[in-house]
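Protein sequences appear in the order of chains A and B.
Following the working numbering, the numbering of the first sequence begins with 13 at its first residue and continues without gaps.
Following the working numbering, the numbering of the second sequence begins with 21 at its first residue and continues without gaps.
FYI, nobody ran anything at the bench for these hints, they're computed from the structure.
One or more hints might be untrue.
As a list, the in silico BS3-like pairs of lysine-lysine whose alpha-carbon atoms are at most 27 Å apart [unchecked claim]:
#1 B/LYS88 <-> B/LYS125
#2 A/LYS53 <-> B/LYS128
#3 B/LYS125 <-> A/LYS53
#4 A/LYS32 <-> B/LYS128
#5 B/LYS125 <-> A/LYS76
#6 A/LYS78 <-> B/LYS125
#7 A/LYS76 <-> A/LYS53
#8 A/LYS67 <-> A/LYS32
#9 B/LYS125 <-> B/LYS78
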Amino acid sequence: GAVVSQHPSRVICKSGTSVKIECRSLDFQATTMFWYRQFPKQSLMLMATSNEGSKATYEQGVEKDKFLINHASLTLSTLTVTSAHPEDSSFYICSARRGGYNEQFFGPGTRLTVL
Amino acid sequence: AQSVTQLGSHVSVSEGALVLLRCNYSSSVPPYLFWYVQYPNQGLQLLLKYTSAATLVKGINGFEAEFKKSETSFHLTKPSAHMSDAAEYFCAVFRAGSYQLTFGKGTKLSVIP
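Next comes chain A alone, as it looks inside the complex (with noise of 0.2 Å):
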């Protein structure tokens, strides 16, 4: 149990346009949902941190209007980064905390390249 999806898993888009990344938990309900970046060779950053219907909370430093944050279910959260530019391009990881557990489980990530 515990597994955290994570839809497209790579994705190219040109710059301007935005793009949606779905974390899905698919087997359990998730309290909270996390979403992090990670640059080629660095460690993960935290971004945001979500529950579901209530608004996300922002790292200091990350811009809200650019990465919207939607956590409508307790399944599901999306992460849209709008007017996106080659600067956005990362490897965005979602994780999910499931009520009762002291840990988070991992989505396996989703590869931006903005062109």
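Following the hints, complete the assembly by docking chain B onto the known chain A.
Only chain B this time, still in chain A's reference frame:
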């Protein structure tokens, strides 16, 4: 604030040799500590976690870690390295009062045949 420091961005060991990946933590409260492994272009897989129970924690794939409060360390070990252990390893800690994770910078493990 809670933080972790991983010593050594790259560690190379011979196949069959001991693996030791170092992690030191800084925390104002008893920490929850984690070790994750990441293979190229994949998400993170939990190896093991310390949640204030036993100080010696056994994880998957033969890995274990020992929580040492006196040394503020949580080093990851495996007695005998396998080629499949080659990956990036991250130490992480929960931020106080939350389930948000702060990660170390990672250590890339190479296994030499």
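What are the numbers of the hints that this structure violates, sorted from low to high? 4
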